[in-house]
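Colleague: Listed here are the chains, written in short residue letters.
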Amino acid sequence: MVDERTIESILIADCGTVFTKLLLLEKVEDSYRFVAQAETLTTMNPPWSDLGVGVLQAIEQLETITGRTLYASGRLVTPQQGLEGVDAFVVTLSASEPLSLVIAGLVREMSLESARRAATGTYTDIKAILSREGSLNSPQETWSRTIRDISPDVVLLVGGVDGGARRPVMELADAIALAASMLEQHQRPTVLYAGNVELRPHITKLMGDITRVEVVDNVHPTADTEHLGPAQNALEQYYIEERMKTAPGADTLMAWSRLPLLPTAAAFSRVVDYLCRREEHPGRGVLGVDAGAATTTVAATFDGRSYITVYEKGIAYGPLTWIKERDVAALLRWMPEEMEEEELLTLLYNRELRPWTVPQDPRELWVEQAVVREMLRSALAVALPTWDVGKTDAPSGMMPHVDPILISGGGLVHMPRPGQALLIALDGLQPTGISTILLDVNRAAPALGAVAGLKPLAAASALEAGTLTSLGTVISPVGKARPGEWVLRMKIAYEDGGTLNVEAHYGDIEIWPLLPGQRAKLHLRPNRRIDVGFGPGRDGHVQAIGGLVGLVVDARGRPLTLPDDPDRRRRTLHGWIWDVGG
Amino acid sequence: MFISYSIANPLTRVRIPRRLPRPGQVLVHSGEHVEPARVVAQTVEPADFRIIDVARELSVPVKKIKPYLKVNRGDTVAEGDVLASRGGFGGQVCRAPIAGSIVGSGRGRLLLEAAPQPVHLTALVPGLVAEVLPDAGVVIEAIGAFMQMGWGNGKEAFGVLRVVVRAPRHPIRPKHIDASSHGAILVGGSRLDDETLEQAIEMQVRGIIVGGIPPSMIPQLEAVDFPIVTTEGVSTAPMSQAFFDLLRSLDGREAAISGRLQQRWGIERPYVFVPMPAQSGAPINPESPLVVGSRVRVLRGPYTGASGVVSDIPTSMIQLETGARLPGVQVDFGGKEFALIPFMNLERLL
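So the sequences go chain by chain: S and D. Note that the working numbering numbers the first sequence so that position 28 is 28, with each residue one more than the last. Note that the working numbering numbers the second sequence so that position 5 is 1005, with each residue one more than the last.
By construction, these hints were calculated from the structure, which means they are not laboratory data. Honestly, I wouldn't trust all of these hints.
Pairs of lysine to aspartate or glutamate residues, derived as EDC-like cross-links and limited to a Cα-Cα distance of at most 20 Å, are as follows [unchecked claim]:
| # | chain 1 | residue 1 | chain 2 | residue 2 |
| --- | --- | --- | --- | --- |
| 1 | D | Lys1063 | S | Asp564 |
| 2 | S | Lys324 | S | Glu341 |
| 3 | D | Lys1155 | D | Glu1045 |
| 4 | S | Lys491 | S | Glu510 |
| 5 | D | Lys1155 | D | Glu1222 |
| 6 | D | Lys1070 | D | Glu1045 |
| 7 | D | Lys1063 | S | Glu341 |
| 8 | S | Lys324 | D | Glu1222 |
| 9 | S | Lys480 | S | Asp393 |
Here chain D is said to cover these stretches of chain S; the calculated rule only asks that three of the stretch's residues, wherever they fall, bring their Cβ under 8 Å from a Cβ of chain D [what the hints assert, rightly or not]:
| # | stretch |
| --- | --- |
| 10 | 360-366 |
| 11 | 500-514 |
| 12 | 525-533 |
Cβ-Cβ distance ranges computed for the label pairs, FRET-style [to be verified]:
| # | chain 1 | residue 1 | chain 2 | residue 2 | range |
| --- | --- | --- | --- | --- | --- |
| 13 | D | Val1291 | S | Glu341 | 20 to 26 Å |
| 14 | D | Ser1030 | S | Pro47 | 18 to 24 Å |
| 15 | S | Thr321 | D | Arg1253 | 34 to 40 Å |
| 16 | D | Pro1046 | S | Pro47 | 26 to 32 Å |
| 17 | D | Pro1046 | S | Thr321 | 22 to 28 Å |
| 18 | D | Ser1180 | S | Glu184 | 43 to 49 Å |
| 19 | S | Pro47 | D | Gln1279 | 50 to 56 Å |
| 20 | S | Tyr494 | D | Ile1218 | 55 to 61 Å |
| 21 | D | Gln1279 | S | Arg33 | 57 to 63 Å |
| 22 | S | Thr321 | D | Gln1220 | 17 to 23 Å |
| 23 | D | Gln1025 | S | Asp209 | 23 to 29 Å |
This one's a predicted model, so the numbers in the text were calculated from it and none came from an experiment. Think of the CB as a built atom: it goes at the ideal place given N, C-alpha and C, for glycine as much as any other residue.
Extracted from the complex, chain S is given alone in its bound form (with noise of 0.2 Å):
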């Protein structure tokens, strides 16, 4: 085994539910720096069923662009010996199934709705949510057959406050142990208890014998408090152990491995969090989000606490049952031209068929970009409540916050001009105040998450060495003012001497001048009801850092709205489209 310190090159595996990404990293003094990267289809699935086949045609791609052998004698060249072979081998897994989940509890608005936050930890599918709301008499048959026909891996069983409700919860009990009973021995769902704890041993002694019982903290201890670390942590070990480790082909990845196997969403909750304590911008989070091909995953930290949700749609599988839950006339608002609804279906049917096409002409890419707008919407809209931000400052019913953002997920990166990246980011996250955003263009951010647990060095001195590349740094007002009224007059004083005096009216996106890596210092003097960071009206200093775009004022408002008018909606998305660059 390599000693840690002697570890020159790391190569990563990131297998995601339709690409399989692989980025080799290399020791260049006393840094790491990113080499190559390959990517191939996802080979989970038949006609492979092998996620190692995807991973060597990779590698293989690896070889061809390096022109070094990473892989001889039907196994990986480790530890790197020359210029052969690699160190250390890593790997992230999003492509396996989600835990099927089916959650029973009390009161929908309390432990019902902690433990959906719960299971937005990882990447489970609720199929059910099991409520004695709104019933007098206990439909225990209804349960019963629900959790049978259902057959679902786990069943989170919440409810009662600690101390509190029994007797229903225990029906509840009654019932997931009744289905329990009636499914084979190997289909019975494993039971996580997370309720009322002085009911733990009645709940043990009723299905201990019929099924595996776990029993966490309850996550609604109190009328008022929410604790949901510990669910969510028994919720992720089941992913990993039930579906991560059984991946056909995973056996092999894990031997070339030298770390556990990592939920992606958890690897690029750590990058987020590796930002956070970089940047320590007092008053801000930092916020990251990858939009993935089947989900949508929102990790923040606050005040030295992290938040991971995992929005169980993504740009490919998704929008098709999100459109079924809302309107499709949500999706279609966003297009600059008409389009009928047909057109529009047609083509996220066949997204949804084919995964890894990419658009191809500018009509089919507006959709791809109203989707990744709205699934952005709606993954944040699940994980908004979850977050305790603490001491970091957060207009009312917005957005808080956050500074870098990270974006990353094929949904964002494959776009073909970075503006159009940043302008789906600010449609979809809306943020507020002063954000830099950063562009995961290598889409490395969970790999090196991943790779954080091995060599954090090299993780942080990847990340250092321009893998993430910054699109710019965005104000974002927040406040009423008219259409075309100022709302922002701006000092840029660039690090040459120069200086720049502009001014931002609402409504507008406006960009100017500030390079990839040029820094400025900016003079903010908002209008007396819009405030940029420092209160309303009040004015400050912020130093800027440029990017792909630019240093950039969304002047639009928050929240966004787009107007009603649909020739002047599609005129106003024109507008934007053509400010980012088009």
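Fit chain D to the known structure of chain S by using the hints.
Modeller: Same frame as chain S, but now just chain D:
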């Protein structure tokens, strides 16, 4: 990178998995020859059940219910049979709400489960049982023409193929479906509409193969009881010429058609299989590289559904109308029509 593929092959050896929807019993042995209608495995659907609160119905305390019960665990009862009764003046009777067996009792309640409904899995394709998947199904090896489809409505059938249009761009119309279509698998061209579907239902066709379907029709198509599959997914594009030519060459032959579609986790693609009397057929090699001359089909963009051959593999990136620059190939669609298509939007036809 891997280029995805679809099989559209006139003579090949294929291994077709046949899986039960839930664990069950396999009824054939490895090496056995099976015909399409042969039941190769069976299972049961979860049965209906009732929890009957006998103690409450008879107004008897839970601990004292035993003497009143007229049935025991394991007993079979018919609907209306007495499960428990309390005699005397104003006595009460508790009857079985459904026919079934008593599978559990306790705390004053009975658990009554109806007889489970059997589910039979047929071979669908004639061939040899190449592998038995314990409790799950079988893999059948067969020789013939095999075509993977883009979309399907989940149903399956075996019948005679009848090509009813003259070109892949021609849609199937009600006039193409008459009494002679009864029991046939019809091959149309570009798309299907409501009127044609109604006519097909009335004439009791056994299946339909078309180029595409409009998304608005999907709920209707999923509700019909015969298979409907498309070559191009959900689309208004004509059927790919390569698929149409192959299907036309098989007109009048018996075919198995499966509309089962599982997009994630244990992927299943719809297919059409036409058994051939040949003794040998080369298996498909999905690893075959993409080279100049490879048959391909376009999956997205203005050329969706068009099939052709690779005429050049440029070393530089190709620029799309969206502004994206990606690796790709030049495809010759015949008739001096060429286009640059990114690898990601192509599939090999094997």
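Colleague: All hints, please: hold or fail.
Modeller: Hints, verified against the model:
For the suggested pair D/Lys1063 and S/Asp564, the alpha carbons sit about 67 Å apart, so the restraint of at most 20 Å is broken. A distance of roughly 13 Å separates the Cα atoms of S/Lys324 and S/Glu341; the hinted pair therefore holds under the 20 Å criterion. For the hint pairing D/Lys1155 with D/Glu1045, the CA-to-CA distance comes to about 17 Å; that is within 20 Å, so the pair holds. Among the hinted pairs, S/Lys491 with S/Glu510 is consistent with the structure: their alpha-carbon atoms are about 14 Å apart, no more than 20 Å.
Distance hint between D/Lys1155 and D/Glu1222 is fulfilled; the C-alpha atoms sit about 8 Å from each other, no more than 20 Å. With a C-alpha separation of about 29 Å, the suggested pair D/Lys1070 and D/Glu1045 falls outside the 20 Å cut-off, and the hint is violated. Annotation: proposed proximity of D/Lys1063 to S/Glu341 is violated, straight-line Cα distance about 62 Å (limit 20 Å). Under the criterion of a C-alpha separation no larger than 20 Å, the hint pairing S/Lys324 with D/Glu1222 is consistent with the structure, at around 16 Å.
In summary, the hint linking S/Lys480 to S/Asp393 is supported, as the alpha carbons are separated by about 19 Å, within the 20 Å threshold. Only residues whose beta carbon comes within less than 8 Å of a beta carbon in chain D count, and the stretch 360-366 of chain S has 5; three or more means the coverage holds. Here the stretch 500-514 of chain S counts 0 residues with a CB under 8 Å from a CB of chain D, which misses the bar of 3, and the coverage is violated. Note: the stretch 525-533 of chain S has 0 residues with beta-carbon separation from chain D under 8 Å; the three-residue rule is not met and the coverage is violated.
A hinted range of 20 to 26 Å is violated for the C-beta pair D/Val1291 and S/Glu341, which are about 41 Å apart. Evaluation of the 18 to 24 Å hint for D/Ser1030 and S/Pro47 yields a pass: the beta carbon distance comes to about 21 Å. A hinted range of 34 to 40 Å for the beta carbons of S/Thr321 and D/Arg1253 is consistent with their spacing of about 39 Å. Between D/Pro1046 and S/Pro47, the C-beta spacing of about 31 Å keeps the proposed range 26 to 32 Å intact.
Checked against the given bound of 22 to 28 Å, the beta carbons of D/Pro1046 and S/Thr321, roughly 25 Å apart, stay inside it. Separation of D/Ser1180 from S/Glu184 is about 48 Å and conforms to the stated range, judged on CB atoms against 43 to 49 Å. At about 24 Å, the CB distance of S/Pro47 to D/Gln1279 disagrees with the hint of 50 to 56 Å. Between S/Tyr494 and D/Ile1218 the Cβ separation comes to about 57 Å, which falls inside the hinted range of 55 to 61 Å.
One distance hint, 57 to 63 Å for the beta-carbon pair D/Gln1279 and S/Arg33, holds here, with the actual separation near 58 Å. Taken as a hint, the range 17 to 23 Å holds for the pair S/Thr321 and D/Gln1220, whose Cβ atoms sit roughly 19 Å apart. Remark: the range hint 23 to 29 Å for D/Gln1025 to S/Asp209 is upheld by a beta-carbon distance near 28 Å.
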